[in-house]
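> Below are the chains, spelled out letter by letter.
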Amino acid sequence: MLYKYFAHILFVFCFIIYLSCAQAQVKEKIKFGTELNSHISYSGINTGIQMNLLHQNHSLGIGIKNTYQNSYFYYRNALGIIIDYKYFLITKENIKAFISINYNNVIYKSLRRHASKNNIIHEYTYSNGYLIRLYKNCWVGNTIGLGGYTERFYDYSEKEYGSYIGYNVMFKGMISYEF
Amino acid sequence: MNFRLFILIIFLAFLSCKKAEINPINNLNGGVIYVVGHGGTGFQSAYNEMPENSLSSITKAIEVYNADGVEVDVQLTKDLNLVLYHDDKLETSTNGNGFLYDYNLEELNRFKYDRDFYTNIFLDEHIITLETVLQKFSQRNIKPQIHLDLRTWLYDNHQYSFEEFIELYTTKIVQLILKYNYQEYTYISSGSSEALLAIQKINPNLKLMLATSDVYGLLSLIKQNNWYGIVAQNANMTKQKIDYAHQNKIRVALFNVKIQSEIVDAVNKHPEFILTDNIPKLQQILYE
Numbered sequence: 001m002l003y004k005y006f007a008h009i010l011f012v013f014c015f016i017i018y019l020s021c022a023q024a025q026v027k028e029k030i031k032f033g034t035e036l037n038s039h040i041s042y043s044g045i046n047t048g049i050q051m052n053l054l055h056q057n058h059s060l061g062i063g064i065k066n067t068y069q070n071s072y073f074y075y076r077n078a079l080g081i082i083i084d085y086k087y088f089l090i091t092k093e094n095i096k097a098f099i100s101i102n103y104n105n106v107i108y109k110s111l112r113r114h115a116s117k118n119n120i121i122h123e124y125t126y127s128n129g130y131l132i133r134l135y136k137n138c139w140v141g142n143t144i145g146l147g148g149y150t151e152r153f154y155d156y157s158e159k160e161y162g163s164y165i166g167y168n169v170m171f172k173g174m175i176s177y178e179f
Numbered sequence: 001m002n003f004r005l006f007i008l009i010i011f012l013a014f015l016s017c018k019k020a021e022i023n024p025i026n027n028l029n030g031g032v033i034y035v036v037g038h039g040g041t042g043f044q045s046a047y048n049e050m051p052e053n054s055l056s057s058i059t060k061a062i063e064v065y066n067a068d069g070v071e072v073d074v075q076l077t078k079d080l081n082l083v084l085y086h087d088d089k090l091e092t093s094t095n096g097n098g099f100l101y102d103y104n105l106e107e108l109n110r111f112k113y114d115r116d117f118y119t120n121i122f123l124d125e126h127i128i129t130l131e132t133v134l135q136k137f138s139q140r141n142i143k144p145q146i147h148l149d150l151r152t153w154l155y156d157n158h159q160y161s162f163e164e165f166i167e168l169y170t171t172k173i174v175q176l177i178l179k180y181n182y183q184e185y186t187y188i189s190s191g192s193s194e195a196l197l198a199i200q201k202i203n204p205n206l207k208l209m210l211a212t213s214d215v216y217g218l219l220s221l222i223k224q225n226n227w228y229g230i231v232a233q234n235a236n237m238t239k240q241k242i243d244y245a246h247q248n249k250i251r252v253a254l255f256n257v258k259i260q261s262e263i264v265d266a267v268n269k270h271p272e273f274i275l276t277d278n279i280p281k282l283q284q285i286l287y288e
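Top line first, the protein sequences correspond to chains A and B. FYI, in our numbering the residues of the first sequence are 1 to 179. FYI, in our numbering the residues of the second sequence are 1 to 288.
These are calculated hints, taken from the structure and not from any lab test. Using N, Cα and C, we set each Cβ at its ideal position, and we do this for glycine too. Incorrect hints may have been included.
Restraint-style ranges between C-beta atoms, simulated for each label pair [claimed, not checked]: (1) B:G30 to A:L53: 34 to 42 Å; (2) B:Q139 to A:E178: 31 to 39 Å; (3) A:G148 to B:D79: 34 to 42 Å; (4) B:G30 to A:I144: 46 to 54 Å; (5) B:K239 to A:M51: 47 to 55 Å; (6) A:K117 to B:D116: 25 to 33 Å; (7) B:D116 to A:N66: 39 to 47 Å; (8) A:G148 to B:K136: 18 to 26 Å; (9) B:N141 to A:G148: 23 to 31 Å; (10) A:V140 to B:N157: 39 to 47 Å; (11) B:L221 to A:T150: 47 to 55 Å.
With a straight-line Cα cutoff of 30 Å, these simulated BS3-like cross-link-like pairs (lysine-lysine) come out [as the list claims (entries may be wrong)]: (12) B:K143 to A:K117; (13) B:K136 to B:K172; (14) B:K112 to B:K201; (15) B:K179 to B:K201; (16) B:K112 to B:K143; (17) B:K136 to A:K159; (18) B:K78 to B:K223; (19) A:K159 to B:K207; (20) B:K143 to A:K159; (21) B:K136 to A:K117; (22) B:K207 to A:K109; (23) B:K78 to A:K159; (24) A:K109 to B:K136.
Generate the whole structure from the sequences, applying the supplied hints.
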């Protein structure tokens with residue numbers, strides 16, 4: 001029972017650390033970047049690739065993801081989109097820390113004898129994370145996020161769509177490159 | 001050298017991705033294998049966050065995964081309510097302690113499933129009654145099958161003799177099934193022939209399945225009592241045994257079927273039911 005709120009505490013702890021380290025940012029021109037990431041969350045194990053637009057301490061990324069394994073390998077090779085906003089609280093030569101809002105979804109086929117429909121999972125998380133410079137413009141890092149999911153599914157018996165809403169936690173690792 | 005190793009790994013990865021080969025199915029259901037979720041969406045694991053026998057797991061198996069049915073484990077509480085729980089002791093999956101039969105239903109409601117980190121933080125699942133499930137599913141347009149696994153050996157031998165327990169237990173089960181008019185969709189399995197005979201005595205029309213893989217040895221018992229079929233571990237059943245059961249009009253349900261190789265193996269034995277811990281994978285193999 002001691003670990004009941006472990007994820008929440010870790011999340012808040014990181015957030016406070018990052019906030020306390022926040023500093024004025026140096027003005028920069030707009031830059032582009034790309035990010036390859038892998039995360040585990042309600043929809044399972046995902047890999048994603050996204051293009052980032054970076055301006056000062058803001059970063060907006062849009063990309064696609066492939067969910068190749070989930071509870072029971074259901075959504076294997078199902079595709080979805082990623083929208084990811086980061087705000088950098090710390091930008092030093094070799095380390096960056098950020099908070100992030102992430103939305104992603106995945107559409108998968110729900111199977112029934114002689115029938116199939118598309119179900120969709122929306123995931124939305126609020127994360128803390130950091131990036132460490134690997135070399136030159138290449139960074140590696142990870143985030144921990146809390147949020148929710150909405151799974152919209154087709155119920156063949158009732159012939160209608162239903163939905164579940166629940167908590168979500170996301171652990172994500174990424175490699176990013178700034179052009 | 002490293003490059004060659006890399007190519008070899010890629011080649012092996014491709015080989016492992018080959019499509020499952022399924023033979024045309026020939027069974028007593030006219031070629032249909034029913035997909036039944038074992039304890040709901042399957043037993044809880046790193047890939048299946050829902051505790052088995054919980055309402056979230058059972059509901060998800062039926063509504064989201066569209067399984068044909070679910071298999072649940074039925075036990076009797078101290079105050080004679082039928083609840084769904086797999087083990088004898090509460091501490092294996094919940095924050096309770098001791099034997100389930102030592103608690104009344106109201107007391108059991110205080111405990112929640114807490115086997116792992118995810119369950120503890122994100123789910124608020126409690127032990128539910130069989131009535132909750134029957135009530136919920138009896139209102140659906142297409143009623144899902146409910147496979148009841150009778151936990152006949154999990155009884156309080158200080159409170160009742162085995163015979164008293166069987167009588168109480170089976171009477172409660174039959175009453176509940178009849179209350180929700182769920183006879184057609186209920187399959188009752190047990191390793192105890194005493195329990196099956198007791199149910200048959202109360203209502204001879206229910207579908208009863210003996211939990212055994214000894215088809216040859218117990219065939220006469222099954223045929224003599226006109227039971228519906230058998231439930232057996234996939235690993236203990238060969239295609240020959242299942243063919244023999246079919247020749248004698250005995251239906252077969254297989255369990256312990258989770259990973260792809262087990263699913264393909266089970267499907268190619270042509271049972272009538274597969275009680276799987278991996279509903280989507282089984283559906284993918286059967287329907288795609």
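> Hint numbers the structure violates, sorted upward?
1, 2, 7, 10, 14, 18, 22 and 23
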